[in-house]
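Use the sequences and the hints to build the structure in full.
The listed protein sequences correspond, in order, to chains F and U.
Every letter in the first sequence is one number past the one before it in numbering that gives the first Met the number 0, and letter 97, counting from 1, is 96.
Every letter in the second sequence is one number past the one before it in numbering that gives the first Met the number 0, and letter 112, counting from 1, is 111.
Accuracy of the hints is not assured; some may be wrong.
Each computed SDA-like pair below joins lysine to any residue, with the alpha-carbon atoms no more than 25 Å apart [as the list claims (entries may be wrong)]:
no., chain 1, residue 1, chain 2, residue 2
1, U, Lys237, U, Glu186
2, U, Lys410, F, Asn119
3, F, Lys97, U, His116
4, U, Lys14, U, Asn355
5, F, Lys193, F, Asp206
6, F, Lys129, U, Lys385
7, U, Lys524, U, Ser69
8, F, Lys208, U, Lys429
9, F, Lys236, U, Leu347
10, F, Lys45, F, Tyr72
11, F, Lys96, F, Asn119
12, U, Lys18, U, Lys524
13, U, Lys232, F, Lys214
14, U, Lys237, F, Val95
15, U, Lys385, F, Gly30
16, U, Lys429, U, Ile403
17, U, Lys542, F, Arg46
18, F, Lys236, U, Ser69
19, F, Lys214, U, His147
Computed Cβ-Cβ distance ranges for the label pairs, DEER-style [stated by the list, open to error]:
no., chain 1, residue 1, chain 2, residue 2, range
20, F, Ile225, U, Pro146, 21 to 29 Å
21, U, Glu516, F, Phe92, 19 to 27 Å
22, F, Ile70, U, Val540, 25 to 33 Å
23, F, Ser202, U, Phe163, 30 to 38 Å
24, F, Pro82, U, Arg10, 54 to 62 Å
25, U, Asp94, F, Pro82, 35 to 43 Å
FYI, nobody ran anything at the bench for these hints, they're computed from the structure.
Predicted, not measured: the structure shown is a model, and the values here were computed from it.
Even for Gly, the Cβ is constructed at its ideal location relative to N, Cα and C.
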Amino acid sequence: MANEVNENAPANSLDMVPVYIMGKLYYVPPGSTIMGALEYAGYQIKRGAGCREGFCGACATVYRTPDSYKIQYGLACQTVVMPDMYLAQIPFFPAVKKTYDIDELEPNDEVLSNIYPEINRCVGCNTCTKSCPQELDVMDYIQAALRGEIEKVAHLSFDCIMCGLCAARCPAEIVHYNVGILARRLYGKYLVKKGEYLPKRLSELKDGKFDKPMKEIMGLSREELIKRYYDREINFKIA
Amino acid sequence: MYPDYMLESIRMVEKTRPKRLEIAQAGLQIFEPMNEAEREDILTRFHPDYTPDARREIRVGPNKGDNITSKVVDNLEAHSRIDPNKFDLTKPDYDTDVLIIGGGGGGCMAAIWAIKHGANVIISQKLRLGDSNSMMSQGGMQASVNPHDDPIIHYLDVMGGGHFDNKPELVEALTMDASMIADWLQELGVMWDREEDGNLSTKAGGGTSRRRMLSARDYTGADIMRNLRDEVKNHPDKIDVLEFSPAVELILDENGRCAGAVLYNLETEEYFVVRAKATIMSTGGFGRLHIKGFATTNHYGATADGLVMAYRAGAKLLYMDSVQYHPTGAVFPEQILGFLITEKVRGLGGQPVNRNGELFVFPLEPRDVEASNFIRECTEREKGVKTPTGKVGIWLDSPIIDLINGEGTIKNALPAMVRQFHRFDIDITKEPMLVYPTLHYQNGGIEINADGSSTIPGLYAAGEVSGGVHGRNRLMGNSVLDYNVFGRRTGINAAEYAKTVKLGKLTLEHISKYEKEVNGIDIPKNVISPMLLPDYIPPEVRKRQLTKNDEGILF
Ligand SMILES: Cc1cc2nc3c(=O)[nH]c(=O)nc-3n(C[C@H](O)[C@H](O)[C@H](O)COP(=O)(O)OP(=O)(O)OC[C@H]3O[C@@H](n4cnc5c(N)ncnc54)[C@H](O)[C@@H]3O)c2cc1C
Ligand code: FES
Numbered sequence: 000m001a002n003e004v005n006e007n008a009p010a011n012s013l014d015m016v017p018v019y020i021m022g023k024l025y026y027v028p029p030g031s032t033i034m035g036a037l038e039y040a041g042y043q044i045k046r047g048a049g050c051r052e053g054f055c056g057a058c059a060t061v062y063r064t065p066d067s068y069k070i071q072y073g074l075a076c077q078t079v080v081m082p083d084m085y086l087a088q089i090p091f092f093p094a095v096k097k098t099y100d101i102d103e104l105e106p107n108d109e110v111l112s113n114i115y116p117e118i119n120r121c122v123g124c125n126t127c128t129k130s131c132p133q134e135l136d137v138m139d140y141i142q143a144a145l146r147g148e149i150e151k152v153a154h155l156s157f158d159c160i161m162c163g164l165c166a167a168r169c170p171a172e173i174v175h176y177n178v179g180i181l182a183r184r185l186y187g188k189y190l191v192k193k194g195e196y197l198p199k200r201l202s203e204l205k206d207g208k209f210d211k212p213m214k215e216i217m218g219l220s221r222e223e224l225i226k227r228y229y230d231r232e233i234n235f236k237i238a
Numbered sequence: 000m001y002p003d004y005m006l007e008s009i010r011m012v013e014k015t016r017p018k019r020l021e022i023a024q025a026g027l028q029i030f031e032p033m034n035e036a037e038r039e040d041i042l043t044r045f046h047p048d049y050t051p052d053a054r055r056e057i058r059v060g061p062n063k064g065d066n067i068t069s070k071v072v073d074n075l076e077a078h079s080r081i082d083p084n085k086f087d088l089t090k091p092d093y094d095t096d097v098l099i100i101g102g103g104g105g106g107c108m109a110a111i112w113a114i115k116h117g118a119n120v121i122i123s124q125k126l127r128l129g130d131s132n133s134m135m136s137q138g139g140m141q142a143s144v145n146p147h148d149d150p151i152i153h154y155l156d157v158m159g160g161g162h163f164d165n166k167p168e169l170v171e172a173l174t175m176d177a178s179m180i181a182d183w184l185q186e187l188g189v190m191w192d193r194e195e196d197g198n199l200s201t202k203a204g205g206g207t208s209r210r211r212m213l214s215a216r217d218y219t220g221a222d223i224m225r226n227l228r229d230e231v232k233n234h235p236d237k238i239d240v241l242e243f244s245p246a247v248e249l250i251l252d253e254n255g256r257c258a259g260a261v262l263y264n265l266e267t268e269e270y271f272v273v274r275a276k277a278t279i280m281s282t283g284g285f286g287r288l289h290i291k292g293f294a295t296t297n298h299y300g301a302t303a304d305g306l307v308m309a310y311r312a313g314a315k316l317l318y319m320d321s322v323q324y325h326p327t328g329a330v331f332p333e334q335i336l337g338f339l340i341t342e343k344v345r346g347l348g349g350q351p352v353n354r355n356g357e358l359f360v361f362p363l364e365p366r367d368v369e370a371s372n373f374i375r376e377c378t379e380r381e382k383g384v385k386t387p388t389g390k391v392g393i394w395l396d397s398p399i400i401d402l403i404n405g406e407g408t409i410k411n412a413l414p415a416m417v418r419q420f421h422r423f424d425i426d427i428t429k430e431p432m433l434v435y436p437t438l439h440y441q442n443g444g445i446e447i448n449a450d451g452s453s454t455i456p457g458l459y460a461a462g463e464v465s466g467g468v469h470g471r472n473r474l475m476g477n478s479v480l481d482y483n484v485f486g487r488r489t490g491i492n493a494a495e496y497a498k499t500v501k502l503g504k505l506t507l508e509h510i511s512k513y514e515k516e517v518n519g520i521d522i523p524k525n526v527i528s529p530m531l532l533p534d535y536i537p538p539e540v541r542k543r544q545l546t547k548n549d550e551g552i553l554f
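Now the structure itself:
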């Protein structure tokens, strides 16, 4: 009944693909991800795997192919192997993370460059953008951070999975993703326009509006509860 | 890119789309939600939990005699990784107020609240901080923030979804705390999706009767987790994070209280003793056990470690006979087999259709009911689509979303989905996705009370590792809510408890005792747990790894 899996047994093991893992040659099935290839070769991954679905950034990878002088970047869990690929993972990268009290910060033009002054060293080389596996406009958001545009940084960096490839490659030693999270926190907390419903609900809760009905429904017998459940109104139209 | 014969089936989906669109736009349903008897029937005939080998009786420990998911029993009826006699417990390597095992969403939330209540904290984390199921949730978090909704209606939905087996006081905590949590997260910096007027956007979810799903595009979990992690890292003086140092056993004191844990440094392979006045288990779920051979949506570390440790120490488990299969796991392309396609796709109007393009079920049933319908369509009715490698699935018609809600909706609301399929040359704004149920969530777990305490004094549990909140079937959006609500509660209560407790002499006697039980049922010596890391190395290679240690693996 299940679609049986062996996590790393790719579809068609016709012609095996040669890859060089940290310089050593292995043959792996075509269609493997880099992560799958490592495991197929016999590695028990400790560092370098998290979600395995492109959400956590644990598996930052650099590789080269024979036809090019270029270093390429990707997520090991998302990148499919190519013949004669040379690959390695970046298991850990020492990056600056400043500490702050978000409740005390002011969301002004200077806050980002006060906390992370190294963003002033950005030389506009665009290496960060080129190395981003999420294809974000990383340099643009660092430039926006320099101008103090918190909202813009928040939106441009929103899909960041904090894999660290940008920071690993930056000649100015900026840790872009930490600038991004700071901007998003400031934006979400201070700058976004908030509505009336939530505060109203919080004050209703505080006034105990739901305490009695809650006790009442908790006191129902199983049969009564089942009846209420199947009789309940389903309405997705109104807020 | 889909092969030609699959494209032919897609043409059929396109052919039926205008009619389905018309009906959806009129606010009508082709299929109404199933009633109680229909639900019962489809579950017993098609849900994987009901197949004969799905469960077996456990022969050791506090739940002895209960029927439990077989793969979980395999992990519980196993030897410890450690020899208790080799530890000098009088000289702990670390001493703290609160030890938190598992640094995902629940663990980070607990840490933040424990330090607010004056505790010093150690987080034992198997991978990097935040690399967890929490990072991956896409769809959202339920909170009854809207005027025409409230915690009572939410309560009713949760109970019905869980087949009325949920512990009422846990559901009360979940639904009554929800709005406060939504607000607290917004003050932390979470960028909830909003309407023009600033109110929180709300979406429908399977088994809900109101629009109640808060989201942050389809990176909801990532946004919450990034915020929580950043906040934990803002307090290095009070929270000591030990990465790649999973816990492998709990330590008790002579009076039966939980008193810390033994940790294992994955890199140096050393073991360490942590003494803690209170311990919070937040190790998450069990998807990487690949129950019944299913692919999973879960992260690499979801190996049921917390269940095993707590069980050996005497904690009772609840509802470990039920497994959640998410209806919509990717089936094609093969590289993303099991990858979660968020329920939000159906929340936005996406429809499951068979190979002839026919809708066959109400799209937003509770997950177990929806998944069982998909399995019936592919098995008994044989109306699934086969992939080139022989897997089978049904179509999830995503392009209809833009037709219902306007061009650009998919791109905006589901960027992670779009990106994921785009990597394999599939444009989900134009083409449907092929899906089949995938192993997703541990419905049951360590039995807890409303304050997060377990049956062992001093041991708390929060999040997916705990049991009782969701009965036998969790609804979408309630588990992100769960780890926040109970992460906070355990953090506060463990910190307060730590202020009063006086620990006695530490002991690992319970391990020796459990070991005797396991020996009594003749379990081979090489069967050990917790698993820590799954093993994806091919058997031929394993055979040559003659001196390989048991880092991660078993069986
Ligand atoms: C792909 C996906 C999508 C989801 N979408 C939604 C959604 O939209 N809405 C919703 O409500 N829920 C959703 N869920 C469920 C929800 O995300 C999880 O149930 C929830 O995040 C669990 O939180 P947790 O803190 O309990 O566990 P996790 O977040 O999994 O954290 C547990 C942590 O403990 C670590 N750990 C494990 N063993 C040990 C050990 N021995 N020692 C130390 N550390 C250990 C793990 O590596 C992990 O980092 C989704 C889940 C997945 C996988
Ligand atoms: S393992 Fe999480 S992004 Fe690859």
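>> Tell me if the straight-line CA distance from Lys524 of chain U to Ser69 of chain U falls inside 25 Å.
In response: 19 Å, holds
>> For a C-alpha distance cap of 25 Å, please report whether Lys542 of chain U and Arg46 of chain F respect it.
In response: 23 Å, holds
> Is the distance from the Cβ of Pro82 of chain F to the Cβ of Arg10 of chain U consistent with 54 to 62 Å?
Replying inline: 35 Å, violated
> Regarding the pair Lys237 of chain U and Val95 of chain F, is the alpha-carbon distance no greater than 25 Å?
Replying inline: 19 Å, holds
> When you check the alpha-carbon spacing of Lys232 of chain U and Lys214 of chain F, does it fall within 25 Å?
Replying inline: 40 Å, violated
> For the pair supplied as a hint, Lys96 of chain F and Asn119 of chain F, is the alpha-carbon distance within the 25 Å limit?
Replying inline: The given pair, whose Cα atoms are some 17 Å apart, holds under the 25 Å limit.
> For the pair supplied as a hint, Lys410 of chain U and Asn119 of chain F, is the alpha-carbon distance within the 25 Å limit?
Replying inline: 33 Å, violated
> Per the hint of 25 to 33 Å, is the separation of the Cβ atoms of Ile70 of chain F and Val540 of chain U within bounds?
Replying inline: 29 Å, holds
> For the pair supplied as a hint, Lys236 of chain F and Leu347 of chain U, is the alpha-carbon distance within the 25 Å limit?
Replying inline: 12 Å, holds
>> Taking the Cβ atom of Glu516 of chain U and the Cβ atom of Phe92 of chain F, is their distance within the range 19 to 27 Å?
In response: Cβ of Glu516 of chain U to Cβ of Phe92 of chain F: about 46 Å, so the range 19 to 27 Å is violated.
>> Against the 25 Å threshold, does the CA-CA distance of Lys18 of chain U and Lys524 of chain U hold or violate the hint?
In response: Violated. Lys18 of chain U to Lys524 of chain U sits at ~61 Å, over the 25 Å cutoff.
> Is the Cα-Cα distance between Lys385 of chain U and Gly30 of chain F 25 Å or less?
Replying inline: 19 Å, holds
In summary, the numbered hints that this structure violates are 2, 6, 8, 12, 13, 18, 21, 24 and 25.
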